[in-house]
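**Student:** Numbering (this note's numbering), first residue to last: 1 to 449.
Source of the hints: derived by calculation from the structure; they are not laboratory data.
For lysine-lysine, the following DSS-like pairs were computed, each having C-alpha atoms within a straight-line distance of at most 27 Å:
1) K54 x K375
2) K280 x K309
3) K394 x K375
4) K394 x K52
5) K54 x K394
6) K206 x K166
7) K375 x K53
8) K280 x K234
9) K206 x K234
10) K166 x K280
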Amino acid sequence: MEVSAVWRIALNERLTERLANEASPPEAAPFAPHIAVVGSGPSGCYTAQMLKKKWNDAQITVFDRLPVPFGLLRYGVSPDHQSTKSISRQFSRMFESGSVAFVGNVQVGKDISVGRLREAFDIVVLATGLGADRALPGIAGGEVYGAGRVMRWFNAHPDELLFEPKFGRTTAIIGSGNVAIDVVRLLSKHSVAFTGSDLDPSRLDKRPNEIVVVGRSDGGSARFDSAMIRELGKLDDVAFHVELPDHPREQNPLAVAKLEALRELCDEGRHVHNPRVRVKFRFGWIPLEAGNDSEGMFLRIADSETGNKTDLLRVDSVVTAVGFRGGLEHEIDRAIYESDRSNLAAGVLDDGLYCVGWFRRGPIGGIPDNRADAKLVTEQIVSDSERSSLVADKPGFESLAHNLHSSIVDFDGWVRIDRFESETTTRDRCRTKVPDVATMLDIALRKSR
1 MEVSAVWRIA
11 LNERLTERLA
21 NEASPPEAAP
31 FAPHIAVVGS
41 GPSGCYTAQM
51 LKKKWNDAQI
61 TVFDRLPVPF
71 GLLRYGVSPD
81 HQSTKSISRQ
91 FSRMFESGSV
101 AFVGNVQVGK
111 DISVGRLREA
121 FDIVVLATGL
131 GADRALPGIA
141 GGEVYGAGRV
151 MRWFNAHPDE
161 LLFEPKFGRT
171 TAIIGSGNVA
181 IDVVRLLSKH
191 SVAFTGSDLD
201 PSRLDKRPNE
211 IVVVGRSDGG
221 SARFDSAMIR
231 ELGKLDDVAF
241 HVELPDHPRE
251 QNPLAVAKLE
261 ALRELCDEGR
271 HVHNPRVRVK
281 FRFGWIPLEA
291 GNDSEGMFLR
301 IADSETGNKT
311 DLLRVDSVVT
321 AVGFRGGLEH
331 EIDRAIYESD
341 RSNLAAGVLD
351 DGLYCVGWFR
361 RGPIGGIPDN
371 RADAKLVTEQ
381 IVSDSERSSL
391 VADKPGFESL
401 AHNLHSSIVD
411 FDGWVRIDRF
421 ESETTTRDRC
431 RTKVPDVATM
441 LDIALRKSR
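Construct all of the structure, not just a fragment, from the sequences and the given hints.
**Tutor:** Structure (structure tokens):
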């Protein structure tokens, strides 16, 4: 082939390549929004995790009003359920990687407004939960405590630093869900059996000798999981008595399993001689009134089927475990942000503003439900971005620096608190939590001052 022909072929190839490049549009830049997640409990962390997996270039900041992360995992899960608490390790890896930032000791609604967050972030997700105990009419008084508050106290939550429950010799627990069973176990379990937990030993002083659990349902319809009852059966120095209605409702397999677990508590094979604590379950009863008379404190109950039969229980304290609601002083009021663009079923409050977890759907379900909820809301956020209703043009966290105080705790600060709690605990505990914010801040900010 002649040299000139070779040059012509090469020139044509270069020309063709150049024209093809000019005709092809440039690759779209990856979607890289600035995202704020308010609340570092399971629903908030799962949402951050899923959004980061979808958009690797996203800049995600997780805010919490406390200097420490993980919310419910740290302060709501029972201190002797460390396997459940260990879910936080996957969230730690997320923060440690640097792909998601933790900003602690910042209360959204006080230190900075939701509106200011929306100005700084393309997407804002509210995941603050609901922490107030639902009240029962007629059940109030000095020694009436909400189970949520009791669980926070057992978990050394700084909000309960000054809370000093007085259980006395006999405690009545109203409710028959998993939280009620948690309280039963924490009040009755032998102190030695808390080895390996993060329960402060001082919380074990002055627990009751008798516990009465009052449940509206017939036992099979109770909200507890059978596994929770079987865990009670492992308490070998606690005696149980179970009182069931005379005419239980028709039972499905799940109800049958619950009733079997309850009956196993009373089997002759686990008869306890000289029990340290006695626990009595009374199913088919509702509370009417708690009060005091000349003989002391009482709880009046009635049968839940007719209300015609009543009984008076002599108690020293009452713990109500009948669910949660909003209303704590620090909580955000969701209704303020609802609009005609809201779609709560999908977690949408407004353009670029979303809600997830209990803050979205109410106080129903546990950690697996919050993970599913995070998936649902993440999918909605992604869908909105694909329909171009979300754009990435906000400045992000850096633009807030002049709006915030100087005592922000980042993830390194939390690591210092975590290390302190683990290294200063006793040999029989995995950690002893720092119970107050001032000490947390002193530890977290020590190296940054």
